[in-house]
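All chains, full assembly: derive it from the sequences and hints.
Same order as they appear, the protein sequences are chains A and B.
Using our numbering, read the first sequence as starting at 1 and increasing by one per residue.
Using our numbering, read the second sequence as starting at 1001 and increasing by one per residue.
No wet-lab data here; the hints were simulated from the structure.
Be aware that one or more of the hints could be misleading.
Part of the chain A face toward chain B, derived, beta carbon under 8 Å [said to hold, decoys possible]:
| # | residue |
| --- | --- |
| 1 | R15 |
| 2 | A29 |
| 3 | S30 |
| 4 | E31 |
| 5 | Y33 |
| 6 | P42 |
| 7 | L43 |
| 8 | V44 |
| 9 | A45 |
| 10 | G46 |
| 11 | T78 |
| 12 | M80 |
C-beta: ideal position from N, C-alpha, C; glycine also.
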Amino acid sequence: MADKKIAVEVVTPERSVLKRAVSSLVVPASEGYLGVLYNHAPLVAGLQPGVIRMKGEDAEEIMAISGGFMEVIENKATIMADTAETTDEIDLQRAERAKERAKERLEQKPEGLDLSRAEFAMRRALARIEAVTKD
Amino acid sequence: MAGMRDIKRRIRSITNTQQITKAMKMVSAAKLRKAQQAVTAARPYSDKLEEVLTRLVEASNELDFDLTQKRPVKRIGYVLITADGGLCGGYNINVTKLAQQSMQEEEVETAVIAVGRKGRDYFRRRELAIQEEFINIGDNPNYIQARELVNVVTKLFLDGTFDEIKLVYTKFLTAISQTPTVSHLLPIAPEGETEDEADSDYLFEPSGDEVLNTLLPRYVETLVYRALLEAKASEHGARMTAMDSATTNADEMIDKLTLSFNRARQAAITREISEIVGGAAALDK
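Pasting the structure below:
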């Protein structure tokens, strides 16, 4: 079992966030959460805002991303996220505020509201909150 | 011969200027290092994205997306990336001239989308068409800025304002060498050739077309983001070189002036002595 690891790399346009060897990986694919285990078939998936879970030897690592792509090939998974934050990097209060703001906007629906944008902001905030609280 | 006091004043003024150029050189060196790091940090993402894109393009037989549609070209947009400030040698003028030259060679109408004050001012002074302008990008361009720029550019492409978009920026080679380049931005024309024959059948989630649909805009964003970063690094590199040679020139000028100052002083002393000697000789008679 020990060797059956997937090499995960998380990159964003601005930096390379993390590299790990993990035994399982769960990502928020565009049509629901998707698990990747050793020897997964080659795959390219679109990702939506959500939480990535990586299980290593003992600990589980969690990150929040706000959409992007994942490519899996030969036990290498590359996650190209628009943004990615580890749990220590997330500012919970800020995420809560962002959530409230997005909620308000979605409820009041002011004129000229970019609905998809507000919804996206909401989901981003929720992903961050989830990453921190379900640690 | 210029008076001693004049020479002294000039030496002092040049020394002051030299201090400024020296400081600017050091500031640019520090900023250059940061900009270079940003370029390196952005590389894994854009390389990977390009790789995936190429693979996807290979897998799908026909590309039929908004961003890949080829139309008869009636109007071309040039995204021109320059600096907001000057004092960086030929940096701004080289890239601007290249853009202008390339635009003149086109047989159709062109307009510029100016990123950076210097390029905008150049086209404005000559009363050439400017479609949009983006000023104050700052020293560390971020992805959000690239995205905003791309949003505007894509809109201009999709609504038919432009049928083709080109990107003119300064490619960063090393700290002392940068070359202005013109590259093609829209419509996207990916090369569908990969060398490794690892084209195992990919699964696409949800589907190849849908993945491509979200990937293509991001591809454009990374191209622009990368261009912004490279242009910024080039700017700092160019400024550093310019300021370095300015400092050296100031050194030379100070040397020369010191020499003529000493000569003037010596001449003054000699004259004084000969006056005294002449006066004494006159008294003796």
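Against chain B, is P42(A) within 8 Å by beta-carbon distance? Hint holds; P42(A) Cβ to chain B Cβ min 5 Å, cut 8 Å.
Just to be careful: measuring from the Cβ of L43(A) to every Cβ in chain B, is the smallest value less than 8 Å? holds (4 Å)
Interface hint outcome for V44(A) [beta carbon to chain B under 8 Å]: holds (6 Å)
Close enough to count: is the Cβ of E31(A) nearer than 8 Å to one in chain B? For E31(A), the interface hint holds, since the closest Cβ of chain B sits about 5 Å away, which is under 8 Å.
Take the shortest C-beta to C-beta distance between A45(A) and chain B; is it under 8 Å? With Cβ-Cβ at 4 Å, under 8 Å, it holds.
Given M80(A) was flagged as interface, is its beta-carbon under 8 Å from a beta-carbon of chain B? Holds: closest Cβ of chain B sits about 6 Å from M80(A), inside 8 Å.
So, G46(A) near chain B? Judge it on the closest CB pair being under 8 Å. Given a least distance of 5 Å, the restraint on G46(A) holds.
Holds or violated: is the Cβ of S30(A) closer than 8 Å to a Cβ in chain B? Cβ of S30(A) sits 6 Å from chain B, so the hint holds.
For the hint on Y33(A), just tell me whether its beta-carbon gets within less than 8 Å of chain B. violated (11 Å)
Hinted contact T78(A) with chain B - closest CB pair below 8 Å: Cβ of T78(A) sits 5 Å from chain B, so the hint holds.
Holds or violated: is there a CB of chain B closer than 8 Å to the CB of R15(A)? This interface hint holds because 4 Å falls under the 8 Å limit.
Does A29(A) pass the interface hint, meaning its C-beta sits closer than 8 Å to a C-beta of chain B? holds (5 Å)
The structure fails hint 5 only (numbered hints given earlier).
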